Structures are given as structure tokens and as C-alpha cells.
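Using the hints, position chain V against chain P.
For reference, the chains in residue letters:
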Amino acid sequence: MRIPCPCCGARGNEEFTYLGPAGLTRPAPDASEDAWHAYMHERENPAGMHRELWWHGQGCRAWIVVTRDVRTHRIEHAALARDPEAAR
Amino acid sequence: MRYSALALIRGALTGQRHWTPAWRDPEPKPAYDTLIVGGGGHGLATAYYLAKEHGITNVAVLEKSHIGSGNVGRNTTIIRSNYLLPANTHFYEKSLQLWEGLEQDINFNAMVSQRGVLNLYHSDAQRDAYARRGNAMRLAGVDAELLDAAAVRAMVPGLDMENARFPVKGGLLQRRGGTVRHDAVAWGYARAADRRGVDILQNCEVTGIDVVQGRVVGVQTTRGPIRARRIGLAAAGNSSRVAAMAGLRLPIESHVLQAFVSEGIKPALDTVVTFGAGHFYISQSDKGGLVFGGDIDGYNSYAQRGNLPVVEEVMECAVALFPAFSRLRYLRQWGGIMDMSMDGSPIIGTTPIEGLFLNCGWCYGGFKATPASGWCFAHTIATGAPHPLNAAFTLDRFRTGAVLDEKGAGATPNLH
Numbered sequence: 001m002r003i004p005c006p007c008c009g010a011r012g013n014e015e016f017t018y019l020g021p022a023g024l025t026r027p028a029p030d031a032s033e034d035a036w037h038a039y040m041h042e043r044e045n046p047a048g049m050h051r052e053l054w055w056h057g058q059g060c061r062a063w064i065v066v067t068r069d070v071r072t073h074r075i076e077h078a079a080l081a082r083d084p085e086a087a088r
Numbered sequence: 001m002r003y004s005a006l007a008l009i010r011g012a013l014t015g016q017r018h019w020t021p022a023w024r025d026p027e028p029k030p031a032y033d034t035l036i037v038g039g040g041g042h043g044l045a046t047a048y049y050l051a052k053e054h055g056i057t058n059v060a061v062l063e064k065s066h067i068g069s070g071n072v073g074r075n076t077t078i079i080r081s082n083y084l085l086p087a088n089t090h091f092y093e094k095s096l097q098l099w100e101g102l103e104q105d106i107n108f109n110a111m112v113s114q115r116g117v118l119n120l121y122h123s124d125a126q127r128d129a130y131a132r133r134g135n136a137m138r139l140a141g142v143d144a145e146l147l148d149a150a151a152v153r154a155m156v157p158g159l160d161m162e163n164a165r166f167p168v169k170g171g172l173l174q175r176r177g178g179t180v181r182h183d184a185v186a187w188g189y190a191r192a193a194d195r196r197g198v199d200i201l202q203n204c205e206v207t208g209i210d211v212v213q214g215r216v217v218g219v220q221t222t223r224g225p226i227r228a229r230r231i232g233l234a235a236a237g238n239s240s241r242v243a244a245m246a247g248l249r250l251p252i253e254s255h256v257l258q259a260f261v262s263e264g265i266k267p268a269l270d271t272v273v274t275f276g277a278g279h280f281y282i283s284q285s286d287k288g289g290l291v292f293g294g295d296i297d298g299y300n301s302y303a304q305r306g307n308l309p310v311v312e313e314v315m316e317c318a319v320a321l322f323p324a325f326s327r328l329r330y331l332r333q334w335g336g337i338m339d340m341s342m343d344g345s346p347i348i349g350t351t352p353i354e355g356l357f358l359n360c361g362w363c364y365g366g367f368k369a370t371p372a373s374g375w376c377f378a379h380t381i382a383t384g385a386p387h388p389l390n391a392a393f394t395l396d397r398f399r400t401g402a403v404l405d406e407k408g409a410g411a412t413p414n415l416h
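Residue numbers (our numbering), protein chains in the order written: chain P, 1 to 88; chain V, 1 to 416.
Pulled out of the complex, with its shape left as it was, chain P reads as follows (with noise of 0.2 Å):
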């Protein structure tokens, strides 16, 4: 699998740091108990595609956002994690 960076183009997977889904919003400190559950626990685990965050430690060191199908591995997209864009 080879994740294309925005900054260093298409790199092996090795290069990379997996962290999990992305767009897990951090609840507020004083959230209900249930609302740091499900921010902590609970997943949609889709078999399809996948939002995930990647940091790229070998190379430019960015956190990128990459749009994959879990099923066969192929990416379709890859942002800056910085980048409000990918964020949403």
C-alpha cells in the first residue's frame, strides 16, 4: 500500500504512523459521561470507506487525512490534516 502524501508524493505505507478514524470531535471536559464514551470506545468501523489519520514520520512528519477503501485498500485521497478541507 503506498499512501500519497500532499507534500512528498506516493510513499510505502512503512513511512507512516497509523493513528484511527478522523473526525472524532473532543468532547468538552465537563461532557456528559456518555458523550466521553462514545468519543473514547465506540467506532463505526465501515467496511468501506474510511476517513483515518496517518503521520508521515519518515518523511515530511504531517498528519494527513486519507480516504480509503477498507475492503481492497485503495485510496482515493489524501489532505493535510490542517487543511480545513480535510478536516470537515
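For lysine to any residue, the following SDA-like pairs were computed, each having C-alpha atoms within a straight-line distance of at most 20 Å:
{"no.": "1", "chain 1": "V", "residue 1": "K169", "chain 2": "V", "residue 2": "A151"}
{"no.": "2", "chain 1": "V", "residue 1": "K407", "chain 2": "P", "residue 2": "L19"}
{"no.": "3", "chain 1": "V", "residue 1": "K407", "chain 2": "P", "residue 2": "G20"}
{"no.": "4", "chain 1": "V", "residue 1": "K407", "chain 2": "P", "residue 2": "Y18"}
{"no.": "5", "chain 1": "V", "residue 1": "K407", "chain 2": "P", "residue 2": "H41"}
{"no.": "6", "chain 1": "V", "residue 1": "K287", "chain 2": "V", "residue 2": "W334"}
Covered stretches of chain P (in silico footprint by chain V; criterion: 3 or more residues with CB under 8 Å from a CB of chain V, positions within the stretch not fixed):
{"no.": "7", "region": "4-17"}
{"no.": "8", "region": "71-85"}
The set of hints was computed from the structure by calculation and includes no laboratory data. Every value quoted in this text rests on a predicted model; they were computed, and no experiment measured them. Beta carbons: idealized from backbone N, C-alpha and C, even for Gly.
Relative to chain P, chain V alone:
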């Protein structure tokens, strides 16, 4: 006597045309007392123990593909009960005890081989950690022995004891651990459950779960709707998808784990060895192939195949431990989808939906758990409440904080 030497000889003279299927292929009935979703090792074991221990035989196992096509046929066949946390130790010890009696129980040769599981340590700190784990096991009545380097050298020739980076200092040995012929587990449980009246419905994929006023009433499948008041989910890597049909969002991520088999060689390794400095485990099958694996790939995946960086890492571990194995070719490599939970421990228990029971979160330790998982899940479904052995494996432990985190890695499924 179903199988006999005489029947084999007669079969040899008549072209082996006398063989019949080991279990029935029934049409789905419109309703059952209990449905098990997932015809893997855990689902089949659950159905078997429902019938055997609880007398519930009006049961169907729904399998989307064919028996043995999922993780029960994709693992590295290791059994052991060398856990640290009491809930895990007792549960996996129950499993090991069931393995010890399994072949007599289901009258099927599963080639249970208690050849020992040896976890190597490579530093003083790791020795102390293993001593602690071994002591915890012995306190729980489980066998464990701490070996020094000389004992390991005598037991496993071929190890690179003086590896410059990770010298082998000793190991934690569980002699009762070992390997089991994994396919035979699926076939044996399937046949034994079928004999007791369980319907095994293959190519029967669940497409919907019917919930009325907070209670399950049945499922929709590719072979038509089936009604049942009690439904157990044992769908492994597909647990999130199945549970979502009932509106549940699970603390699970699906990840791919790869496994490997080398070409067959003469007997070279008569135990299971795990590497303490990397994540790697290896044994030799009775056919002669080395069976080995390492870490999950580390990213969400429903593809039953992985990528090359992990292949390379696993091979590096193999060669670091056994330099002579660098001459071997590997024959096959494959992937299975692991239901990685948020604390690395399984879930067997009730759900917020009445009549719906959940069995998932096996990470990559599901095979060794097969008998106890089925045994405990059957108890939970039959009585509506968990057995003491699986009382800690609740779904709501993540909410309450009573997690079972062997590794202390936190809510990071890809690191367990």
C-alpha cells in the same frame, strides 16, 4: 462405529465413494429458539455447548460463507493460557482444560498437541515481567516455568542465543500449551453440534436484525427471514457490521492479521516459540511447514490480505531468532480480519437489546479461546446472564472503566 479401519479398506477397494457429508445441509426453518450469527469456531462451539450443556437443540448457526472459511481456518493454531490478569487467566485456563478433553468429547481427532509454549525474554526487566506473569499464573493454578538461558538452549536448538542486539536470556514456558489442527476444530464442532440437532445453515448471510420495542424477534437473511427470541452474535471481524443492524455501535475496530507457512522440512522445532523483542510466534506443523506470524498490519481493514512491510518485519523476526530458517522459502501467506477491542480483551455478554447477546473483541487471540468462548457464550444465552468466567467481559466495562488491558496500551485497538 462411523469410521473404522475396515470401512477405510473397503473404501480403498471401491474408489473411496462411500464418504458422506459429516453434517446435514438443512433448509432454514421459519423459526428457532436460538440463532447464532457466525459459523466460525466460536459460533459452532456455542451451538454445541447450548445443545450439550443446556439441552437447547432448536438452534441454527447462520454462516454467510462456508464452515471453516473465516478465522478458524486462518490462524496459527496456538493454544495457551499464559495471561496476567485474573479474569483472563481463569477464562483461558478453562479453555485449555476444554481443549484437553475436546477430542473425546466431540469424538473427532483435532490433533491437540501439548508441545509447550515458550515466551523468550531478552533482558533483566523482561525476565522480571515474565516471572511476575508466571507467578500470577501459578497462583491461579496454571502451570508455568521460568527457564534460564541454559534450559532454553537445551530445549530449542537453533535459536540465536547470542544475538548481538537481543540475546536470549531465558523464557517463560507453559508446557500444557501447544497447537491444535484448526480446521478439525471447525469440522469437529460442526459435526458434534449437527448430531445434537443444531441446523448449520451455510451461505446464509444475515442482512438485518429485527428489533421490536427493545427486543430481538428475528433476522433477515439471504435465505429468507428467520424468527428467534434469542440471538447470539459471533461474527468476529464483521461484528461491527452485524451489530450495526441492531443499532449498536461497538468498541471494536477491524484489522488485518497475516500468517505464513514455509515449505515443509524435517522436524526442526517441537514447541511453540515466541520472540520477546518483537511480536513473533512460530511452530512447526505435523506436515513439516513452519507456521508463523507477527503483528497486525495496524490500520483498519476488511480485506483478507495485508501489505508487504509486515511481511518483511515478520521474516526479519524469524531470521533474528532462527538464522538457519533464512534458507527456507515461504509457501503461503494470508490474512484474517481481527475484531480488535479497545482494551485488548474480549466481550462475551448481554447487550442493551433484550434477547441479543454479543461475542466479539477477540483481537488476535480468538482461536485458543474457542472452547471456553462457546461454553461461556452458551451459558450466557441459555441463562440470560454471564457465567463467573465471563462476568468481567461485559460490553459496558468501557463505559464504567473496568477494562481488562493486559498490555496497558489504552483505547488504541491497533496497539493491543
